[in-house]
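Protein chains: 2
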Amino acid sequence: MDTPDMDTNERFAALRKILAEVGDLGSAAGLLSWDQETYMPKGGLEGRAAVLSTLAGLAHDAFTGDQVGDLLAGLEEASRAGELSDEQIALVGETRRDYDRSVRLPASLVKQLVEARSRALPAWQQARAESDFARFRPHLELLLDLKRQEAQAIGYRQAPFDALLDQYEAGARQSDLEILFRDLQRELQPFVRAILDSGITVDTMPVRQSFDEERQKAFSAEVVRAMGFDFEAGRIDRATHPFCSGIHAGDVRLTWRSQKDDLRPAFFGIVHEAGHGLYEQGLSREWQKTPLGEPASLGVHESQSRLWENLVARGRPFWQYSLPLLKRHFPELQDDIDAERIYRAVNEVRPSLIRVEADELTYNLHIVLRFELECRLFAGELAAADLPEAWNQKMVELLGIRPDSDAGGVLQDIHWSMGAFGYFPTYTLGNLYAAQLFEAAERALGELAPAISRGEFEPLREWLREQVHVHGRRFKPRALIERATGEAPGQAAFMRYVRRKFGEIYEL
Amino acid sequence: MDTPDMDTNERFAALRKILAEVGDLGSAAGLLSWDQETYMPKGGLEGRAAVLSTLAGLAHDAFTGDQVGDLLAGLEEASRAGELSDEQIALVGETRRDYDRSVRLPASLVKQLVEARSRALPAWQQARAESDFARFRPHLELLLDLKRQEAQAIGYRQAPFDALLDQYEAGARQSDLEILFRDLQRELQPFVRAILDSGITVDTMPVRQSFDEERQKAFSAEVVRAMGFDFEAGRIDRATHPFCSGIHAGDVRLTWRSQKDDLRPAFFGIVHEAGHGLYEQGLSREWQKTPLGEPASLGVHESQSRLWENLVARGRPFWQYSLPLLKRHFPELQDDIDAERIYRAVNEVRPSLIRVEADELTYNLHIVLRFELECRLFAGELAAADLPEAWNQKMVELLGIRPDSDAGGVLQDIHWSMGAFGYFPTYTLGNLYAAQLFEAAERALGELAPAISRGEFEPLREWLREQVHVHGRRFKPRALIERATGEAPGQAAFMRYVRRKFGEIYEL
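Protein sequences, first through last, are from chains A and B. Going left to right, the first sequence walks through residues 1 to 508 as the numbering used here numbers them. Going left to right, the second sequence walks through residues 1 to 508 as the numbering used here numbers them.
These are computed hints drawn from the structure, not numbers from a lab. Just so you know, these numbers come straight off a predicted model, no measurement behind them. Incorrect hints may have been included.
Because identical chains cannot be distinguished in the list, a pair is counted as satisfied if it fits within a single copy or across any two copies.
Stated by the list, open to error - No farther apart than 25 angstroms at their CA atoms in a straight line, the calculated lysine to aspartate or glutamate pairs in the DMTMM-like style are these:
(1) K42 - D237
(2) K501 - D183
(3) K42 - E214
(4) K17 - D5
(5) K42 - E21
(6) K42 - E458
Please work from the sequences and hints to get the whole structure.
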């Protein structure tokens, strides 16, 4: 390909052709990974790993070859000459961001990371099973060291940790998050304390009974269909953990798991994943297989899942709509279980050791803990050997409870064994964005409770589609949120939301 | 890659690396195709086609690049110098065969074929739905023309049609098959005639009752588990048509469909596909992702499915073993249904219009018909416009029945709409090989009936594994069958088998 002779249209066409090939390889890998978690017989593990590795290598080679660099250089010149549309400028800018990140990582470091992760994962699994942090420690140390090298290779403006944060939440910086999380903690911690001191306890019995698991799924599927999840372009399958995978246009997969004696894991899991799924189904078809057809960030993705899970499905109006559905699927439910009792049952606040089981409020304190420890580990201010004790002390400080084992503490999450440092903050960013978006949607559409109580989700869904989904990565997460809500990401809307909701439940 | 400086080991390593990449791409495509037939939401069709096209293009580029040609030339020199083992010689020879076939096809012809097929398939579906051959005719003509060009491009020794036959059954030639099929027809047709004239009719009621479909699957799965299909390295899922797909080592997928009022489609479908599946599971791990780790041919593949479906599961000893199982899954079955009645019920001989519903005997006359018409079409001796009438006349001549519509005649099979001329003979070759292999297995192991009647399939399975599965493409199909059975492929063993079995049932 002789890029110097190309005009701008030809360069875009050539770039999109390469991006489409990379995107198709990613789609194939996406389906193979989904299958690995749902249907693959266990004998296929080794063969599957080889195929995934080959696909990743081909995608990397196609993307980091000279062509993309040359095309980007030519298009950036056209951009400087004022020849590109806003969308084209964003496409070039985001592709440049991905390209630089890819080419800056030395192949030797990528290989070391892949190998370190592949050894760390089973070591973590065993360490957790035996509740023995020492077994995992050397792997954590190696991964930290390699990720520090990665940050240096990629580059950063302020703090090395920014290079890691940026890959999950474009433009996120440690210094900003420290302020944001400090502000959040300052507001949230006393509010949780007040709830615990209120003396009021929520009765969770209405959702903690025996519920046939297939009927849990049928009920949940009916709800997410009403939310607008398109089953002609998606499906739901069982897996050991819930996730959402956008395979390619017209194919978005959710997974679920369930507990026989508790409605919440299946129901809120499916609604949560369907929130992700609506985002994937709402991405631009026109820009598919380019950054403008990809989700803006993990934080923005999480804002969509949390908005539907918490702001909608843990709301009082939602249960006015869905209790009759629930009773149709479970006619054996006692007559005296009404929408108000379910609403309260799904809004219990109770500090607990395990993040993924935490309520809407204390969840964010789990994230504050992880973010602080990650920063200190990464900066070398905290030795891996001292991590379990630091974790336990911080749990006491933030949540007032102390893990009695590493398995129930520092070893509970998979993320660090995958080298995913800087990932955790996106969960809380998602919660904060969700509250801001919901407030902004109500400013635009009027109070949403009446529609939600009738099971009418279209106005909210379409507003999210217009404000968030269709833009893909056209705007950076911070700009996208500002554009949609009129304010920078912060904790104010979230705190307004939880004070109103939990203040009423706990009579504060 | 500087192949001239490589030694033989380095060349093999380099070749296997490329073959592994091509194999991994094929595995990914295999899973995507399986998923398309089983779980993919229909909205994913367009996106899926794009991914599959990208994977096929990458595999083609990787395989037909200069490297493989250079490596093969170097290895062939080493072979002439006597430096290679028998297996290495076979590996080089089979890779050469694939390579030449790939590079000889001009990209423009490949593209025309892809496009012609993609238009022919929906045209065939519509033509069949409306029973209107004229709608399909121009597509058939174009495909025939393109396949003639393909044959010229690939090359052949005797007849152009050999170039097409060879891709499904390596080494198969039109002239040999004409003799084989003529001999088969000469023996088979009067035998079928005698059965129909016997005045004896088989009572199919025992297998034509209401059978819960999930229990049909559970029963069938129990049988194929006993056959040795490894569910740790495979699975069974519903699809609109039954097939077997070997994804990669440790992952072999079967599909099934069922009829509520007939046990046969689900049960024999699953056993048939499990026969294919045992072959896939028995391929060499050492040689995976090379021709020596691939099935020898479609005919040999079909011999494995037919052997289990017909020689085993349509045999009397088999039902002595499996009737108690069947009754455990269907306790409501009448007490007077015994193994003998089921055995007879699944061995009804009755000429019918549709190949896939045909019995073990008349099935092969359907193939004789298709092969003869294909040869005449391909040679230009028969015009596409005259095909429906030629089909119908041949049906009368071979089976004594005449289709009353194109849908029930010339339009019934998907194969020609995919340009798969030369594919049909492999079905009957499979039947003939199966009978030869079963005879040879009994010569080696002694009579198999006692073991089968106890549900002991291991001796037979292991014999097939040693004689057929592990060799992959190390031997050409003809040589593989000769090696395993001591005789060239022919109709004698098959006719001995059917005369013995059906001669008894129909008292001839």
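Note to self: Taking the earlier hints as the rules, which of them does this structure contradict?
What the structure shows: none
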